[in-house]
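Asker: For reference, the chains in residue letters:
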Amino acid sequence: MLEIKNLHVGLEEEDKQILKGVNLTVETGKVHAIMGPNGSGKSTLSYVLSGKDGYEVTDGTAELEGTDILDMEPEERAAAGLFLAFQYPVEIPGVGNMTFLRTAVNAQRKARGEEELSAAEFLKVVREKAKSLKIDADMLKRPVNVGFSGGEKKRNEILQMAMLEPKMCILDETDSGLDVDAMKLVAEGVNALRDAGRSFLVITHYQRLLDHIKPDVVHIMADGKIVKTGGPELALEVENNGYADILAEVA
Amino acid sequence: MAALDDVQVKEGVDQETVEAVQSVGGKYKYGFETDIEIEYAPKGLNEDIVRLISEKNNEPEWMLEWRLSAYRRWLQMEEPDWAMVDYPEIDFQDQYYYARPKSMAEKPKSLDEVDPKLLETYAKLGIPLKEQALLAGVEAPEGDRRVAVDAVFDSVSVGTTFKDELAKAGVIFCSISEAIQDHPELVKKYLGSVVPQSDNYYATLNSAVFSDGSFVYIPEGTKCPMELSTYFRINAENTGQFERTLIIADKGAYVSYLEGCTAPQRDIAQLHAAVVELVLLEDAEIKYSTVQNWFPGDEEGKGGIYNFVTKRADCRGDRSKVMWTQVETGSAVTWKYPSCILRGDDSQGEFYSIAIANNMQQADTGTKMIHLGKNTKSRIVSKGISAGKAQNTYRGLVSMHPKAQNGRNYTQCDSLLIGDKCGAHTVPYIEVKNNSARVEHEATTSKVDDEQLFYCRQRGMDEEEAVALVVNGFCKDVLQALPMEFAMEAQALVAISLEGSVG
Numbered sequence: 001m002l003e004i005k006n007l008h009v010g011l012e013e014e015d016k017q018i019l020k021g022v023n024l025t026v027e028t029g030k031v032h033a034i035m036g037p038n039g040s041g042k043s044t045l046s047y048v049l050s051g052k053d054g055y056e057v058t059d060g061t062a063e064l065e066g067t068d069i070l071d072m073e074p075e076e077r078a079a080a081g082l083f084l085a086f087q088y089p090v091e092i093p094g095v096g097n098m099t100f101l102r103t104a105v106n107a108q109r110k111a112r113g114e115e116e117l118s119a120a121e122f123l124k125v126v127r128e129k130a131k132s133l134k135i136d137a138d139m140l141k142r143p144v145n146v147g148f149s150g151g152e153k154k155r156n157e158i159l160q161m162a163m164l165e166p167k168m169c170i171l172d173e174t175d176s177g178l179d180v181d182a183m184k185l186v187a188e189g190v191n192a193l194r195d196a197g198r199s200f201l202v203i204t205h206y207q208r209l210l211d212h213i214k215p216d217v218v219h220i221m222a223d224g225k226i227v228k229t230g231g232p233e234l235a236l237e238v239e240n241n242g243y244a245d246i247l248a249e250v251a
Numbered sequence: 001m002a003a004l005d006d007v008q009v010k011e012g013v014d015q016e017t018v019e020a021v022q023s024v025g026g027k028y029k030y031g032f033e034t035d036i037e038i039e040y041a042p043k044g045l046n047e048d049i050v051r052l053i054s055e056k057n058n059e060p061e062w063m064l065e066w067r068l069s070a071y072r073r074w075l076q077m078e079e080p081d082w083a084m085v086d087y088p089e090i091d092f093q094d095q096y097y098y099a100r101p102k103s104m105a106e107k108p109k110s111l112d113e114v115d116p117k118l119l120e121t122y123a124k125l126g127i128p129l130k131e132q133a134l135l136a137g138v139e140a141p142e143g144d145r146r147v148a149v150d151a152v153f154d155s156v157s158v159g160t161t162f163k164d165e166l167a168k169a170g171v172i173f174c175s176i177s178e179a180i181q182d183h184p185e186l187v188k189k190y191l192g193s194v195v196p197q198s199d200n201y202y203a204t205l206n207s208a209v210f211s212d213g214s215f216v217y218i219p220e221g222t223k224c225p226m227e228l229s230t231y232f233r234i235n236a237e238n239t240g241q242f243e244r245t246l247i248i249a250d251k252g253a254y255v256s257y258l259e260g261c262t263a264p265q266r267d268i269a270q271l272h273a274a275v276v277e278l279v280l281l282e283d284a285e286i287k288y289s290t291v292q293n294w295f296p297g298d299e300e301g302k303g304g305i306y307n308f309v310t311k312r313a314d315c316r317g318d319r320s321k322v323m324w325t326q327v328e329t330g331s332a333v334t335w336k337y338p339s340c341i342l343r344g345d346d347s348q349g350e351f352y353s354i355a356i357a358n359n360m361q362q363a364d365t366g367t368k369m370i371h372l373g374k375n376t377k378s379r380i381v382s383k384g385i386s387a388g389k390a391q392n393t394y395r396g397l398v399s400m401h402p403k404a405q406n407g408r409n410y411t412q413c414d415s416l417l418i419g420d421k422c423g424a425h426t427v428p429y430i431e432v433k434n435n436s437a438r439v440e441h442e443a444t445t446s447k448v449d450d451e452q453l454f455y456c457r458q459r460g461m462d463e464e465e466a467v468a469l470v471v472n473g474f475c476k477d478v479l480q481a482l483p484m485e486f487a488m489e490a491q492a493l494v495a496i497s498l499e500g501s502v503g
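These protein sequence lines map, in sequence, to chains A and B. Each residue of the first sequence is one higher than the one before, starting from 1 at the first, in the working numbering. Each residue of the second sequence is one higher than the one before, starting from 1 at the first, in the working numbering.
None of these hints come from the bench; they were simulated from the model. Where hints are given, some of them may not hold.
Claimed, not checked - Calculated pairs, DMTMM-like style, for lysine to aspartate or glutamate (alpha carbon to alpha carbon, straight line, at most 25 Å):
#	chain 1	residue 1	chain 2	residue 2
1	B	Lys188	B	Glu59
2	A	Lys110	A	Glu121
3	B	Lys447	A	Glu91
4	A	Lys167	A	Glu76
5	A	Lys153	B	Glu463
6	A	Lys52	B	Asp420
7	A	Lys16	B	Glu451
8	A	Lys141	B	Glu464
9	A	Lys5	A	Asp71
10	A	Lys124	A	Glu152
11	A	Lys16	A	Glu27
12	B	Lys403	B	Asp345
13	A	Lys110	B	Glu451
14	A	Lys110	B	Asp94
15	B	Lys421	B	Glu499
16	B	Lys251	B	Asp318
17	B	Lys421	A	Glu114
18	A	Lys153	B	Asp345
19	B	Lys368	B	Asp345
20	A	Lys141	B	Glu451
21	A	Lys141	B	Glu463
Stated by the list, open to error - Listed next, the stretches of chain A that the computed footprint assigns to chain B, with coverage defined by at least 3 CB atoms under 8 Å from CB atoms of chain B:
#	stretch
22	80-89
23	128-136
24	231-245
Keep in mind it's a predicted model, so treat the numbers as computed, not measured. Yeah, the Cβ is synthetic: ideal placement off N, Cα and C, and Gly gets one too.
All chains should be modelled from the sequences, with the hints used to inform the complete structure.
Answerer: Encoded structure:
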């Protein structure tokens, strides 16, 4: 599904290298987790893959289903099936959540040459999906993320994911700012979307999210590189011993 | 269906906007010209031209005298220069003051006699003139909302729809030239009573040379059975458009009035100086909505309409209520301050405005709320959006006179900047002359945020769609104040006007 080779990325504005040769392959239908200390480049990886401005790719490739995505516009990557659940979802005052969702869904459908969803069809689907995430009608009407609690914002991200039905989902620290109950709800939402045709890349600082979203593969990232790869047990090792041991071991 | 419609209308952008953006492709959509024979008055301005306009309209002597006195006054006046707009000097002798389609020389008795080319023009603009085809595009889902249209083409009104049906309700809706002939007592009583001849340079000019416009009278206790609308179209070259609108809402009357404007795309700037007067007696209510989409000039600032407009409402009666809503997207230069004189006790004035300036456009717009009566209330919500190299100024006056006990005003003034070469300015004037009045003013300035745009794009929208969505969100408070059909059109316009403003 996603194949990243020797990816080197720096900041556009200053001479600073952040990713220093990332190699990563996420197979179709699998859930991969990336863990790592602060400043290791995890969030940068998610931004570069989704096409945010301000980064410069100096070397390497990233392919989604065999197509190089690094030269594509963010919206083209989205239409190709890439989704990023933001660590800090953005507020858009005055724009109803429902309007935002419908505009996004139809923009992607249009880009893929599919027919747009009618208002009635859309409403039906959105209500169904919102219900399982405990998102009520009021939250669908309110402006996008404005005045939402931390938990509401993250649930809203998962609702967007559910509506857009992407192939490759990147979750950037989706657990940050969530209490246990909210995290469970979000994890359930994600698990409901797990599917043989859909892959996940779950970026997290802590192991606890991985108790709820069980990964197939765990990577440890440090200083702009994947330094260790293993099974779910690797996450437990981090939880018990911290990053220091692993980093010392690979150094 | 009710819930669905709710979603579409009340929430920011929707599908129509997206489609409009995609279909129009960065061009001014209404820039076409109608190929029709036009009859001009000789170029330039003098007493003879004033006489000629009056004669063309078969006006009585008193009207001619009124025009001439305005013209003589105008000669003594100087063009104002206090607004934050900058444009080459206007040569008032290098303009035509009267142009009409030849086919209109004999006034058609009904719409069936109107030149099909004219009807085609309005059809192309999406304005259904023919009563048979009336509801295409303006029909609300319930199917029972209809809009009567008065269409003004260059200097003349080409037709008014639904006249008979309105007459049954006692409503007079016709061109002002007809009203001068058919209802002289009303015109004499009210014309110039809200915006006096001497009010300002452009209003005085208009008083001398106005050629046509709309006239509305809603009798006592009558709720106008449908929305009324005037559609202004400048077609002829080098021609100024000077229309005059007079709306009188008698005691307890209600009317919602819509005004739309477009013009062909031309290299040479054209002058538009209109006057709108609203008179409200006791318990009357008028909603006046404008979607102004005159040609804004090209990216280098060539051509476009110079829009110098005086609009004022006089809440003469107690408990009367007026609401101005304007969406200003066009014109090279806009100079416009729809105002409310809150004379009656407990009268209310509201002003909702979206002003978008892109490329080289300049807008200096706002409102005046003059509180004279007791317990008068006013509310101002202004959203200014600047993009390209445009300059956008909000200029407003809130005045509480000594007798305006317990007067209240709330003003909210928000500016949004797109890019780093445009400007937004806010110039509020506040005069309070009694201690019981309360005046609040809030202002914000923000930029369209890169994070917001990236968020939208990550979800699949292209950059222009994303900007349109964010800007429509910014304007939401005002869009909601518009009648439904206009809200849709306005949303689409917001998107179109900002094309090419990013990236």
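Asker: Which numbered hints does this structure break?
Answerer: 11, 14, 17, 18, 23 and 24
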